[in-house]
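> One-letter residues, chain by chain:
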Amino acid sequence: MLRDITLGQYYRTDSVIHRLDPRVKLVATFVFIMSLFLVKNFWGYLIAGVFLAVCIKLSNVPPKFIFRGMKTIFFLLLLTMVFNLFLTPGKELVSFWKFTITYEGLKMASMMAVRLVFLITGSSIMTLTTTPNNLTDGMESVLGPLKKLHVPVHEISMMMSIALRFIPILLEETDKIMKAQMARGADFENGSLINRAKSLVPLLVPLFISAFRRAMDLAMAMEARCYRGGDGRTKMKPLIYKKRDRIAYGVLYSYLLVAIVVGRILFR
Amino acid sequence: MSLILDHVNYIYDEDTAMAHAALIDVNLQIPDGQFIGLIGHTGSGKSTLIQHLNGLETPTSGSVYFNGKDISDPDFNKKELRSKVGLVFQYPEHQLFETDCFKDVCFGPKNLGLPQKEVELRAYEALKMVGFDDEYFYQSPFELSGGQKRRVAIAGVIAMKPDVLILDEPTAGLDPKGREDILGLIKRLHDEMGITVILVSHSMDDVADYVERIIVMNKGRVAFDDIPVNVFAHYKELEEIGLAAPQVTYVMQELAKAGFPVDAKATTMEQAKNEILKAFGRC
Ligand SMILES: Nc1ncnc2c1ncn2[C@@H]1O[C@H](COP(=O)(O)OP(=O)(O)OP(=O)(O)O)[C@@H](O)[C@H]1O
Ligand SMILES: [Mg+2]
Chain A
1 MLRDITLGQY
11 YRTDSVIHRL
21 DPRVKLVATF
31 VFIMSLFLVK
41 NFWGYLIAGV
51 FLAVCIKLSN
61 VPPKFIFRGM
71 KTIFFLLLLT
81 MVFNLFLTPG
91 KELVSFWKFT
101 ITYEGLKMAS
111 MMAVRLVFLI
121 TGSSIMTLTT
131 TPNNLTDGME
141 SVLGPLKKLH
151 VPVHEISMMM
161 SIALRFIPIL
171 LEETDKIMKA
181 QMARGADFEN
191 GSLINRAKSL
201 VPLLVPLFIS
211 AFRRAMDLAM
221 AMEARCYRGG
231 DGRTKMKPLI
241 YKKRDRIAYG
251 VLYSYLLVAI
261 VVGRILFR
Chain B
1001 MSLILDHVNY
1011 IYDEDTAMAH
1021 AALIDVNLQI
1031 PDGQFIGLIG
1041 HTGSGKSTLI
1051 QHLNGLETPT
1061 SGSVYFNGKD
1071 ISDPDFNKKE
1081 LRSKVGLVFQ
1091 YPEHQLFETD
1101 CFKDVCFGPK
1111 NLGLPQKEVE
1121 LRAYEALKMV
1131 GFDDEYFYQS
1141 PFELSGGQKR
1151 RVAIAGVIAM
1161 KPDVLILDEP
1171 TAGLDPKGRE
1181 DILGLIKRLH
1191 DEMGITVILV
1201 SHSMDDVADY
1211 VERIIVMNKG
1221 RVAFDDIPVN
1231 VFAHYKELEE
1241 IGLAAPQVTY
1251 VMQELAKAGF
1261 PVDAKATTME
1271 QAKNEILKAF
1281 GRC
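Respectively, the protein sequence lines represent chains A and B.
If you're matching positions, the first sequence starts at 1 in this note's numbering and goes up one per residue.
If you're matching positions, the second sequence starts at 1001 in this note's numbering and goes up one per residue.
These aren't lab readings, by the way, just hints derived from the structure by calculation.
Cβ coordinates follow ideal geometry from the N, Cα and C atoms, glycine included.
Certain hints may be false.
Per the computed footprint, the stretches of chain A lying under chain B, defined by three or more beta-carbons under 8 Å from a beta-carbon of chain B, are [unchecked claim]:
| # | stretch |
| --- | --- |
| 1 | 169-182 |
| 2 | 185-192 |
| 3 | 205-218 |
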């Protein structure tokens, strides 16, 4: 069950996408998400879908693994769809009792669903193919200019990378504690809502304690190695753009151009 | 109350590139009342195996039978299985959550749906059994030492009065005295309550003195399954899979090789002492 959460996980394998510079992937994810909100018709989404499919194919990550993460947002997806379906005013399609489904509602609901699914898939491809370390380096470099405005870029990206790094660890820990409590007869799956909420106490208390313990240990270990923030810190592996990264940027901007032309201008 | 594993295979993260077979064709029979040592190198699948015994994991293929019933069956009562087969995890102190030790030990019996009186009685008995001082009963479990926490956690499982008690490396991270205490306690539980005990460990020295049967795991397979003497006779093979026979075995083998009239099969310190004294004609 918990293994279904793929958010922020890294999938170890080798592929073109894995080897790309993290900055490219960060920018690409941003551009892709932007494109999802810029296109306005079916053809635009088709192009976005094809682009996404090609990226998944190139990344060597089994699609099953990517979509397993989708289960966790299923409820959110359903909720958005239902609200959009029933609450959008417009031309009536069908109506029963107090509800009416409009043509606009249907369109809106499917668009939102597609957007959400693409958005999550797009960002999970980035995290699945980039190690947290690389991701942080990329982030720091992309946000670098903000340092002039006294934004603590290094600290932010360090925090982000630690958070990402800890997601799988905490999931594993949750799994372990859950099993230990189940061995003592705890029941996390059945019972009324209140009982189920109560049954979380034996899970959450040890989990928080262990999270704090880990945080303390990590802070201690960082201090012991003389970590003192980003000033004057050099990198063992500085990020350098290679030929494939330039090609990737080319592909990315061509995609954006085509998606906008097709999705906004060609077909209205 | 027997447990039978029939051609059990278990694969972690099936269908992904990380797929990893943790158990391969495991066949075991665990009858009543035995004291069993489960030994294996790090990552050999010990923890995975014991989670199959109380239904926390179900085999990818093959079956586990509890009293003749397949635990993978959809209408098999897993809750009952878990109350009969008690499992103490590796570092069990990490599961403590209540505001005081006594309440924490009550958690298990309470989940069995017993009346409050019975719950408290069992918790009291269990804490007494693990040799926990009365004065700490109402202290927060987080203020105890590692060894004390371990005792509370073990009591939490004992309080459910299981027929089979499985302990995953109960002595990990304890000092020699704490180790001996815990092992002695487990031995006493086995003798007094007549329950089946499965003791998971890295170290032969830990279990040799106590168990009547040893199961050795290697890379997900059962490598040996026999009484200690016979298992230790394979000390060369044990070394190859990253384990070692108890030190006593080595001493006795060396003595026998050097021509002393001792029986090299002695596995415990006590037996070895007697053998050596006999060889020197002192008894
Ligand atoms: N949750 C998990 N997900 C994926 N693989 C796992 C998981 N738990 C264990 N494994 C793998 O299964 C194999 C067996 O692990 P297991 O925990 O059963 O070993 P063990 O014998 O208990 O080792 P140790 O003595 O270190 O506790 C290991 O190779 C491990 O990497
Ligand atoms: Mg283990």
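> All hints are to be evaluated individually against the structure, with a verdict given for each.
Outcome of the hint check:
no.: 1; hint: 169-182; verdict: holds (count 6)
no.: 2; hint: 185-192; verdict: holds (count 3)
no.: 3; hint: 205-218; verdict: holds (count 4)
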